[in-house]
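Asker: Spelled out, the chains give:
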Amino acid sequence: MVNDVTGLFAIKIRKILSLITSVIMLGLIAIGCGGAAYQGWSGFAGDDEILYFGSMDSRVFAINPSARSQELPFPSEGEWVLTIPTAGAPGAICGPACVPASPRAGIYATPVVIGDLVCVAIYAGDSGKLMAINRLDPGYTEGVPLRSRGEWVYPSGGQSIGAIVGSPAVVEEILYVGTSEGKVYALDVVYGESNKWKQPFDTEGKIWTSPAIEDNVVYISNYAHKFFALSSIDGSRKWGIELPAAAASSPAVVGNDVFFGTFDNQLYAVDGTNGDVKWIFSGENWFWATPVVKDGVVYAGCLDHNIYAIDVSTGNELWRFTADDQIVSTPVLVDNLLVLASDSGTVYVLEANSGKPEHDPVPVDASVKVPVRAPLYAEGNMVYVHASNRCVYCLDVQSGEKVWGFCYSEIK
Amino acid sequence: MAELWNTIILEPVLNSLIAMCNVLGGNFGLAIIVLTVIVRLILFPLTVRQTQSTKAMQSLQPRIQELQKKYAKNQQKLQQEMMKLYKEAGINPLGCLWPMLIQLPIWIALYQSIMQALAATPESLLSLSQHLYSWGAVGQAVPLNDHFLWLRLSQNGDMILAVLVGGTMWIQQKMVTPPAADPRQQSMTSMTTLMMPLMFGFFVLSFPSGLALYWVVSNIIGIIIQYFVSGGWGYLRAPSVPKQAPSQKTSLAQKPIPAEQQSKVLKQASEQSKTIKQASSEDKKKRGLFGR
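Residue numbers (our numbering), protein chains in the order written: chain A, 8 to 419; chain E, 63 to 354.
Read the hints as simulated data drawn from the structure, not as lab findings.
Computed from a predicted structure; not experimentally measured.
Watch out, some of these pointers could steer you wrong.
Reference excerpt, derived from the structure (chain E facing chain A, CB under 10 angstroms, subset only) [to be verified]: (1) G88; (2) N89; (3) S186; (4) V200; (5) L206; (6) R214.
Computed list of lysine to any residue pairs in SDA-like fashion (alpha-carbon distance at most 25 angstroms, straight line) [what the hints assert, rightly or not]: (7) K233(A) x R214(E); (8) K190(A) x H209(E); (9) K233(A) x S191(E); (10) K132(E) x Q247(E).
Ideal Cβ placement from N, Cα and C applies to all residues, glycine included.
Excised from the complex, chain A in its bound form (with noise of 0.2 angstroms):
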């Protein structure tokens, strides 16, 4: 009996052995098709009562949140939405199968409010660019500017700077950002040109993090271990320090200290007039979201699963508060509450100088239960969440509750 099974198997073994081969093939493209691509993670600009933010389908939304309230038809006053096309998705990870079918943008940048313009930074793989949109009359037709109404697109044409991660930071209308080739560029708001430098920095080191600007000095890291301190007038660098490992969020400054995490898990305070390392507060995993600073205190969001206060001038933990998640997306102070979300979409408000939950337990209806990625927002009492699930929802802080949710995925 042993014998005839094994005989029989014998004669198809041929075929089994290619049969595992087409498996292993089958396996090796899925894998491949399991890999993250990008969608992006935007947060939101606020002006006029209106919240602008890049959306997870390469589209840039202006949203009422009156209008939204009221659970009005989308668009309402104020509100518009605009497609960004761009020409193919090259950074991807994604096998055959999964090639995406129309040429898209992601957004991770949190856009900039100038004036009537909404600056809007690019990544689409190795396409990234910069663009201005007329945020009271959009004028973009196919992805091309209108001139007349101030629009403009950087760098034209099919040219690129790279993928662009890091949100763009703006002072007296200068634009200031770090792109994925590593450079940093200063970009007239009015004309989207680069002349306020002779030439882009060059960091050489790919750039994922925000710059920071405070007193004529730009704080960019890459991801090369380099950390700088440029001079916002003519790009010239004041001062640059190597780390053991690359800075994995984007810098925070307040007067002359510069906070930042790295990969080595470890948060960074550093004197912004000379580079020199004041303290280093040790995680115990990546310090990824941008830190938040007030009042002498440091909030650390880390993915660990802990968001840290941290005394600035000695290091010293304060209190921690340990959420049921990693904390990717950057929290924010509402008065003397701290709001943050966790990795699963919990939402908490804890008092900043306790860390104690505001509402114990999380009110049920506080969490949107999908990754929150983006940077948190917040206007009056109310925080702004834009959640992985292509929504967004507003949260009252006193409450606790959700306010209203939209879901951009149904807009057409």
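Assemble the complex: chain A is given as a structure, and chain E must be docked to it using the hints.
Answerer: Here is chain E on its own, set in the frame of chain A:
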């Protein structure tokens, strides 16, 4: 299950790869090459067993084909005769399957590690944080520099690598695929030998170059092992179809094999089978591996 896979297999390979990258001065391309070589060296005894087992099975092919013709209408008898043949030659038909199955998880882990470590998108980088050990060498190496020679390892579409992957795969396949006597079967074999490298070449264009680099290195090592185990280029240099006299109407497979030749084939297979057994014995390993 996924958690178990990550803890036991994926994470050790992934963290070793990243730590190695740090040791090699942040050169991820070099880390891929070194880890592929190390893994292949660890799996060397298994690869040799698999290769020799396959070779022994192939040497019996003329006899098997003859039996298939002879007992085409009696499957039960065919099975019995084939088992008898395998027993006489001292070959276990499953012998070439187990080494392959054991190697499979390690290859998949290596493949996944390269994909994860490259972290081409911000989402991938974030996901990488969940699989890293708190080793200093790992934290200091992340995110990895994806420049290697002319390549951007996290980007896809490199034509040179696609050709290299396809070419090395074709050589490897050609070395182990014996020419079939039946012209129809030969045509099928040729098609398969050509289609697989073409398909992989095409896939490479859609995958990050780091992965393609791993495939090229892995194929080259496979060719080297095959060369030494088989004692040469195998069927790569052999004519694609066995020569046939113009007057002959029957194929070689149809022609009965003389008794003298039958015993020669059996002897050859038996010798190869012995070599496999010798390979598992530690003190006789070298003699067994190169089995010349």
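Asker: Taking the hints in turn, state whether each one holds.
Answerer: A quick look at each hint next to the structure:
no.: 1; hint: G88; verdict: 9 angstroms, holds
no.: 2; hint: N89; verdict: 13 angstroms, violated
no.: 3; hint: S186; verdict: 4 angstroms, holds
no.: 4; hint: V200; verdict: 9 angstroms, holds
no.: 5; hint: L206; verdict: 9 angstroms, holds
no.: 6; hint: R214; verdict: 9 angstroms, holds
no.: 7; hint: K233(A) x R214(E); verdict: 21 angstroms, holds
no.: 8; hint: K190(A) x H209(E); verdict: 17 angstroms, holds
no.: 9; hint: K233(A) x S191(E); verdict: 21 angstroms, holds
no.: 10; hint: K132(E) x Q247(E); verdict: 18 angstroms, holds
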